[in-house]
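Given the coordinates of chain G, assemble chain U onto it according to the supplied hints.
Protein chains in written order, with numbering that gives the first Met the number 0: chain G, 0 to 390; chain U, 0 to 398.
Be careful, since some hints might not be right.
Distance windows between CB atoms, simulated [as the list claims (entries may be wrong)]: (1) G/N371 with U/M336: 27 to 33 Å; (2) U/L123 with G/N371: 45 to 51 Å; (3) U/Q225 with G/K76: 41 to 47 Å; (4) G/E67 with U/E204: 31 to 37 Å; (5) G/V77 with U/E204: 35 to 41 Å; (6) G/N45 with U/R223: 57 to 63 Å; (7) U/L156 with G/S302: 46 to 52 Å; (8) U/M78 with G/S242: 41 to 47 Å; (9) U/D344 with G/K389: 54 to 60 Å; (10) G/D374 with U/F86: 35 to 41 Å; (11) U/L156 with G/H268: 36 to 42 Å; (12) G/K76 with U/M336: 33 to 39 Å; (13) G/D374 with U/E113: 41 to 47 Å; (14) U/M336 with G/E67: 53 to 59 Å.
Simulated from the structure, these hints should not be mistaken for laboratory data. C-beta atoms are modelled at their ideal positions from N, C-alpha and C, and glycine is treated no differently.
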Amino acid sequence: MKANCWMGKKRVEVVDVPEPKILNQRDAIIRVTSTAICGSDLHLFNGFMPTMEKGDILGHEFMGEVMETGKAVKNLKVGDRVVVPFTISCGNCNACKAQAFSLCENSNPNAQMAEKMFGHSLCGLFGYSHLTGGFAGGQAEFARVPFADVGPLKVENGLTDDQVLFLSDIFPTGYMGAEMCGIEPGDVIAVWGCGPVGQLAIASAKLMGAERIIAIDRFPYRLQMALNKAGATDVINYEEVDSTLEVLREMTGGRGPDKCIDAVGMEGHSHGMQYAFDRSMQALMTEVDRPIALREAIMACKSGGTVSVIGVYGGLIDKFPMGTVMNRSLTIKSGQTHVQRYMKPLMRLIENGDIDPSFVITHHLPLSEAANGYDLFVHKHENCEKVVLKA
Amino acid sequence: MTAEQAKQARRQKLLAAQQDEDHGADEPTTVTFREQFGDEIFQYPGQRDRSSIVGTALGAFSIGLGIAQIVAPRKFARMVGIKPNAFSSTAIRLCGMREIGAGIGMVFQPQRPEWAWARVAGDLVDVAALTRSSRNTRNNKGRLVVAAASALAITGLDIARASQLRPRRKPRAARAETTAGIEVSRSITVNRPVSEVYEFWRNLENLPQFMDHLESVVVIDNARSQWKAKAPAGMTVSWEAELIEDQPNERIAWRSVEGSQIPNSGAVTFVEAPGDRGTEVHVELQYSPPAGKIGAVVAKLFGEEPTLQVGGDLRRFKQVMETGEVLLSDASLHSGMHAAQPSDDVDHTQHYEAERSIVIERSADGSSESSNRDRESTEAQDRADQQYNDELANQRSTF
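Chain U with its partners taken away, still in its complex shape:
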C-alpha cells in the first residue's frame, strides 16, 4: 500500500467513524489559519480594507449631511424644495441627528451591518417624507422630485452595502466539536543529516521536547507507547499508541489503539532536501475530536489552530536539532501578551534545567557541539574576511 493509498484509507476510516454521528458526514477538513480567521490577520491593527473604506465613507457622508441639516435646516429645506417653516426645521434637525448617529456608527464600525441597515431605514423615511412633501403645492415640486430620486438612489446604495455585510462569523475552530476528523500537514527543513533526524524522532520519548501539548511519551516496547497530553485546568489526557510503520530514515507512522478517548494518528516522512541542505520533515496528523465537552477539550488540547500548533512544534524541533535548545525571548517566555522586558515572576532555572540534557547530549557527540559551533562561527567570520579581501581586489560584489 503506498503512502497515498494509506492516507486515503485513513480518511475513509475517519469518515466511516463519523457516519453515524449526529453531526453529519462532513469531509475531513484541513483547517488553514486563513480559513479560520479570514484575511483579517494579514492586516495591520487598525488597517482597513476596501469594504471598510466604503463604510467609513458612507458614514462620513452621513455625518456631513447630518451636520448640515442641524446647522442650517432652512437652507437645507429650500435646497430640497420644501418651504421652510418651524415644523420642517424641527423635522430636518431630527433627521440630522439620526444621520449623525448612524454616521458615527458606520465610521467606527464600518463592518457592522446594524449601522448600515439603520441608514437604510433612515433613507426610506427620507424618501417617504420627500414624496409626501411633493404633494403639498406650497413646495417646489421639481426640486423635491430630484431630492426624492437622490434619496432613492442613496437608499439603493445603502441596501447594496448593508446586504454585503455579514454578521461576524465565529472562527472555524469554535466549530471543531461538530467537524469530523481534523487533518493537518506541515513540513520543515532541518539542516541535519536524515539519519540523525530520523533517530531523534524515532525515540518517541523525545517528542515532548518540542511538541508543546505533550507532557510525556513512555515507550512500552518496540511497537507500543503511552502518551500523555496536557489539557486545560491541569488535567491530562492519556492514550496508548502503536507504531504502524517504521522505515528507517524514511517514515514513521503511529496511531492510537482501538478504544482511545481521542482517536488520533500521525506520520512523519523524511526526505533529503535538495542541494545538500539537510532533511525535509513532512508531518501529517489526524485526530477526530469526539462530540461534546471532550471535543472542546481536544480542540484546546491540540490547539485551536491545529496547523499553527504543528508548525510551532516543527519549528521547535528544528531549533533543538540545529542549535540544541528551543530559543526563548523575554516576551514569548510567557503565554499571552507580555512586554519585551525581563521579568522576575518566571522561574528561569526551570527552563534552563529542562533543556540542559539536550544540549549536553548534543555537546557530547562529536566532541562538543559548541566547540564545533565555535569553529563554525570563526569559519563564518573568516569567510567574511576572505570575501572582503576578494572585494578589495576586484571591487566587485560576490554575494
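Isolated chain G (complex conformation):
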C-alpha cells in the first residue's frame, strides 16, 4: 500500500509498504478515506522530535471504513464508517477509567523510553515517533487501530468526511484548550496561534460563552479566518505592534486577558532578542523547544488567571517565568488531548449545526501529493491553513 513516510529532517515521501495486519485481539484494520496533516506533524518534519526512524509512517488524524476486526472487538463490524482518535487507549487502566485517555498506562510498548524522557510514560500515539510506541500512522491507505473497542467513533449520521474528520484530533484539542481555561461569563480570552487548533480553540471558547476572544498571530490570512470564521472578536498581528503585552493590556483596561491559550507550542516565533536567544539555544542543543508564546501568555495573563497549554512541547525550555506564575497566582493547565472523552459530545455539536469544523480546510490533495501538502503547510503558501489528504 502507499504510505507517507518520514525519510529524514524536512523530508517525507509516499512509498510502497506492506499492508497492516491484525496483531492483537482488539485491533481493527481501517481503510483510510480521509487523513489530515497536523501542526504537530510539522515538529516531526522539522526534526524537533527525537526517536524518529527513516520509514516511519506519519499521520494521526484519520478516518475510514472498517475492513477487519480482531476476535475480541464486538462493537464494530466490517463496513462501519469510523473516525479514529489519535490517542490509543485501553479503556481499563486507572487513567482511562478517570477519562484521562492520553495518559493510558498500557498503550505504549516503548513506555521505558518515554519514562526516561518524561518521568512517566504517556499513551501510545499514531505515527508520532518511537517515544510514543512506534505505531504506524494514518497517512496511508490502510491503518491498524489497536483497542478498536475504545477508540474509533462510528459515523452514522450522514455527515461528510470533512465535517467529522477533525474529531480525531484538532477539534477535541481546541475544545480541551478552551475547557481547561474554565471560561465564565464575561471572560476575555487570548489565543496565541491561529493554526487549525487555535481556530478551533477560538470557536470552542465562543461556544462556551467567552465575551471577547483575542486572536494573536502574524499571518493576516489566519487572523482574518479567526475573525470571520472562528469567532474571534479582536486580532493582534504581533509583527505590526511594538509589544503584544502592551496592546493586550490596553485592550483589557489594564487587567490583561482573564485566560490565555497557548496553541503555538515548541516552534514559537517572534522577532527580536527572545527568538534569537531561543534559536541559538537550539543550535547549541541546550534547549529543544522555543516557548516564546508560552512566556508571553504567562506575562500577559491577568493575575489569578489560567494559562491553558495545548501547543505541543517535547522537552526542556529555558528562561521560564516561574516568578510570574508564583507571585501572581497563575494556574497552568496542560495535556495531550483526551480525545475519547470529547468525541461523542462534539459530534453532537456538529450534528446540531452549532459548529462546522471544516472551515479550517484550505487544501484537498491526494495522498500521493503528501510531500507537497507538507511543503504548503510548513511554509504557509497559498494561504494554507489545513491540508486534508484523500487516500
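Here is chain U on its own, set in the frame of chain G:
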C-alpha cells in the same frame, strides 16, 4: 522473620557466597539505568551538555585562531610582537594548521580527551616559541610577553579542561561478570483486585506470559517448579526453584535450589493501592552471576539492564491483567531498530495465537470481559456526555 530481615539475610548469604571469589567482596549492587549509562540517556540525540559546549567553544576558538594564522601570518606575527619574515610566516602557518586540526577534533568530539590534550601540547609549543622569540632583540618584547602570558593562560584553561575529561567508561553491565549479586526491585500498580493479581502470579506457569526472558515454568508440586530461560544463540538455561513463602494475597517468594547453575531468588508482594486503584505489585529479584562465560550469558539472559528488564516484565504483566494481552506496535514487534510501518517478515499469527488463550480466559470469566469493556467504554462515553451537559448548564469546567 520480617520481610526486611529476610532481605538482609539474603544479602548476607550472597555476600558470603562471594567472599571466596577472586573478585573481592563487593556490596551487592542495585544497578540503576542512570548509573549504567549516565546522564546521556536524558539528552536528545545530538544534544550537548555544558561540558560539551565548553569543548565546542574552545574548538571553535582554535579554528578561528588557526584560520587567522594561516590567512594572515604577517599580521599575526606583528600582533604578537614578532618581526615578520619568511621563517616566522611558515612557522605561524604550521601553527595555524595544527590549531585547525585540534579545533575540528574538539568541535566534533568535545568529550574526547585526545583533542583537549593535543591543544595543551600545542599551547606549550606556543609558549616556548613565544618565550624564545622574546629573547631576540629584533622583536617587540612587550607584545611578546603579553602574548606569552596569554598563551600560558590558555594553556592553563586547556589543561583544566582536558583533565576534566575522562576516557569513555564502559557501561556498568559489562562488568556484570565481576560484580557480586545483583539485586533489582521494581513496582507497578495494576487496576485489578489483590486476589485476582495474586492468583495469576501464584500460578507460576503464567510467568512466561509476561517475563520475556523465561521460556517456560513447569510446576512439579506444591513447592517445586522447573524453570527454563532463553539464552543467546538458541540455548536454554534451566534450574529448579522452590517456594519459600506463600502468604495468600500478600506475598510469594521463591529461590533456586542448592547447586543451581545460576543462584537466583525472587519475591513479589501485593498491597492494596490507596484510593481504590487496585493492587500495588512490588517485585524483588536477586541473582548472583557466576564468573566467566556463564556470567556473561547470565548478564544477557536477565538483560543487561536488569531494572529495565523487570520494569518491562511488570508492564507486560499489567497489560495482561488489565487488557488481556500484551500490546504490540509495528516497530516494537521487532527486536532492534525498525521503522514504524507494517512488515511482511513477521509471523503475526504466532503472536495472535499465543495470546489468544489469555484473552479467552479473561473473556470467559464474568461472562465476556470484552463485553464488559464494551459496557465500560460506552459508560465512559456516557460520562463524557453527562459532563458536557453539565458544562453547558454551568459553563464551568469540572475536570
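Worksheet item: That 53 to 59 Å hint for U/M336 and G/E67 (C-beta), does it hold up?
Response: The hinted range 53 to 59 Å is violated for U/M336 and G/E67, with Cβ atoms some 28 Å apart.
Worksheet item: Is the hinted range of 41 to 47 Å satisfied by the C-beta distance from U/M78 to G/S242?
Response: holds (45 Å)
Practice prompt. Could you tell me whether the CB distance from G/N45 to U/R223 stays inside 57 to 63 Å?
Written response: Holds - the Cβ-Cβ distance for G/N45 and U/R223, about 59 Å, lies within 57 to 63 Å.
Worksheet item: How does the Cβ-Cβ distance of U/Q225 and G/K76 compare with 41 to 47 Å: does it lie in that range?
Response: Once the Cβ atoms are compared, 45 Å apart, the range 41 to 47 Å for G/K76 and U/Q225 holds.
Worksheet entry | CB-CB spacing for G/H268 and U/L156 relative to the 36 to 42 Å hint | Between U/L156 and G/H268, where Cβ atoms are some 37 Å apart, the hint holds.
Practice prompt. Hint says 35 to 41 Å; check whether the CB-CB distance for G/V77 and U/E204 agrees.
Written response: With a Cβ separation near 37 Å, G/V77 and U/E204 satisfy 35 to 41 Å, so the hint holds.
Worksheet entry | Consistency of beta-carbon spacing, U/M336 to G/K76, with hint 33 to 39 Å | holds (37 Å)
Worksheet item: That 54 to 60 Å hint for U/D344 and G/K389 (C-beta), does it hold up?
Response: The hinted range 54 to 60 Å is violated for U/D344 and G/K389, with Cβ atoms some 30 Å apart.
Worksheet item: So does G/D374 sit 41 to 47 Å from U/E113, Cβ to Cβ?
Response: Once the Cβ atoms are compared, 43 Å apart, the range 41 to 47 Å for U/E113 and G/D374 holds.
Worksheet item: Is the gap between the beta carbons of G/E67 and U/E204 within 31 to 37 Å?
Response: About 32 Å separates the Cβ atoms of G/E67 and U/E204, which means 31 to 37 Å holds.
Practice prompt. Could you say whether the range 27 to 33 Å given as a hint is met by the Cβ separation of G/N371 and U/M336?
Written response: The hint (27 to 33 Å, Cβ to Cβ) holds, given that G/N371 and U/M336 are roughly 29 Å apart.
Worksheet entry | G/S302 and U/L156 - C-beta distance against the hinted 46 to 52 Å | Roughly 47 Å apart at Cβ, these two residues keep to the hinted range, so it holds.
Hint check: violations occur at hints 2, 9, 10 and 14; the rest are consistent with the structure.
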